[in-house]
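Trainee: Each chain, written out:
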Amino acid sequence: MNIVFNSVNKSYGIITALKDIDLSIDSGEFVFIVGPSGAGKSTLLKLILNQTRPSSGQLLVDNIDLSQSKKSEVDKIRKKIGVIFQDYQLIADKSIEENIALALDIVAYPKPDISSRIDSVIKRVKLNHRRFLFPSQLSGGELQRAALARALAVEPKVILADEPTGNLDIQNSWNLIKLLKEINEENHTTIIMTTHNLDIVDSLDKRVLYLKNGQIEKKTKS
Amino acid sequence: MNNLNLTWHHIRRSPFQSLTAILVMVLCFFSLTFFLIVSDGFSVVLNYFETKPEVTIFLKDGLDRNTIDSIQKDLSSYKSIKEIKYISKEKALTLYQDQNKDNPLLTEMVTSSILPASFEISVSDPKVLEQIASDFSSKKDTVDEIIYQKDIIDSLLNWTKIIRSVGLIIVSTIGTIGFLIIFIIVGMKITNRKDEIRISRLLGASRFYVIKPFLLEGIFYGVLGSLIGSLVCFILAFYFSQRINIFFQPIIFIRSELNIYLIFLLAEIILGIVIGYLASWVGAKRYIKF
Chain A
1 MNIVFNSVNK SYGIITALKD IDLSIDSGEF VFIVGPSGAG KSTLLKLILN QTRPSSGQLL
61 VDNIDLSQSK KSEVDKIRKK IGVIFQDYQL IADKSIEENI ALALDIVAYP KPDISSRIDS
121 VIKRVKLNHR RFLFPSQLSG GELQRAALAR ALAVEPKVIL ADEPTGNLDI QNSWNLIKLL
181 KEINEENHTT IIMTTHNLDI VDSLDKRVLY LKNGQIEKKT KS
Chain B
1 MNNLNLTWHH IRRSPFQSLT AILVMVLCFF SLTFFLIVSD GFSVVLNYFE TKPEVTIFLK
61 DGLDRNTIDS IQKDLSSYKS IKEIKYISKE KALTLYQDQN KDNPLLTEMV TSSILPASFE
121 ISVSDPKVLE QIASDFSSKK DTVDEIIYQK DIIDSLLNWT KIIRSVGLII VSTIGTIGFL
181 IIFIIVGMKI TNRKDEIRIS RLLGASRFYV IKPFLLEGIF YGVLGSLIGS LVCFILAFYF
241 SQRINIFFQP IIFIRSELNI YLIFLLAEII LGIVIGYLAS WVGAKRYIKF
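So the protein sequences, as listed, match chains A and B.
Per the numbering used here: the first sequence = residues 1 to 222.
Per the numbering used here: the second sequence = residues 1 to 290.
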């Protein structure tokens, strides 16, 4: 699933969040987006997820123009994307298992296979012992792993991770990155991750996009 | 968690809101059933009078036998006459005493001299009644008063219209309140679960996917409210039916045919589904903005 930005601009009233973005992300790539707060990193992810639409320009996700897409097309694309939010976005009154089950139900995962799929992803993120607990009963690191488990469960073609290490200690941050790297290499899942943590970026030989004032300042391999 | 489980989960999570919605719907459908039964009863009464056309001609006192025979002969000349029954003063007294046998005070002072003799005429064509009433009302020397079903039917029709109008107003008002309460409760529940809805949408859930549990919840209130409201009213109607039917004798005001009540019940459940579905759909449309 490739993602292409063609001269995309995004403004919120008089504030320009993204300016003239030209970008192409191929299927199976692992891309870091770095930059200071307010640079437009989260807006870039929101555009891919169609939480907001470009003010001008063209944004193609899986060859569908999201700037003009119908709601049903947006729903289809979102089902192919796993998202890890900085603030986890887990449903408070559902257990971790139920949160994952909801994501699987949304993508119409075969009902008889749901339980085994939950087993598999929960083991992968090492949360077996927390399966039936609610988000309020988990630590920050565990919550982030739960969010990752939910994103992984639906076998996404793309994972969007919005500063997933922002609330984690060093050890948990490295564990999460290691897991994302494995998923990228094993399943060729496209991963787009925003972060402030340059140590993590420098440690991996992946494409890095530097955003500043809504513009891509440079593109490098770290 | 399938949709029914999710709906049940929503209902259990806010039991007082759910209880309020159900009680209002019960009240709405209890009122509707009550007016349906009363309206049906009046239709039966109307039908009874419409299909049993009769006129009663009360005679003046002191008429001789020849005059009475002459009146009877005149009456016999009309078409569609089924029966002409002469009720003498003595017979009238016997009937009066029979009707009031449980109340000696009403019978003690009454003698045959104060009760008028009369003719009771039944016909097969109700139009003839009007003709007889018109012809005999001009015979002031022999006829004291004429009573025939047109007055009763007109009066009953009037009452039926009033009861139906009042019923319609009350049921519409309560129905609107029920609709608004479900609308508000669904709105509150959506507001309480807006994070869940927003997250579900971001995970790719369609708008219908997130609305569906709320629609089912509205339908649940409608079905349960209509079922309880109508069944309670039916039970009360059956409980009091004997006393009510004695009052309306020989007319059966509250019918005992189960089919009619099943039709009422089915119609009310369908109406409950429509109200519940529409209210929750409007609520979901109003409050789910993402």
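Possibly wrong hints are sitting among the right ones.
[To be verified] Straight-line Cα separation of at most 27 angstroms, DSSO-like style, residue types lysine-lysine; simulated pairs:
id, chain 1, residue 1, chain 2, residue 2
1, B, Lys82, A, Lys76
2, B, Lys89, A, Lys70
3, A, Lys71, B, Lys194
4, A, Lys71, B, Lys139
5, B, Lys285, A, Lys70
It is worth saying that the hints were derived from the structure and are not from the lab.
Trainee: What are the numbers of the hints the structure violates, in ascending order?
Mentor: Result: hints 1, 2, 4 break, sorted rising.
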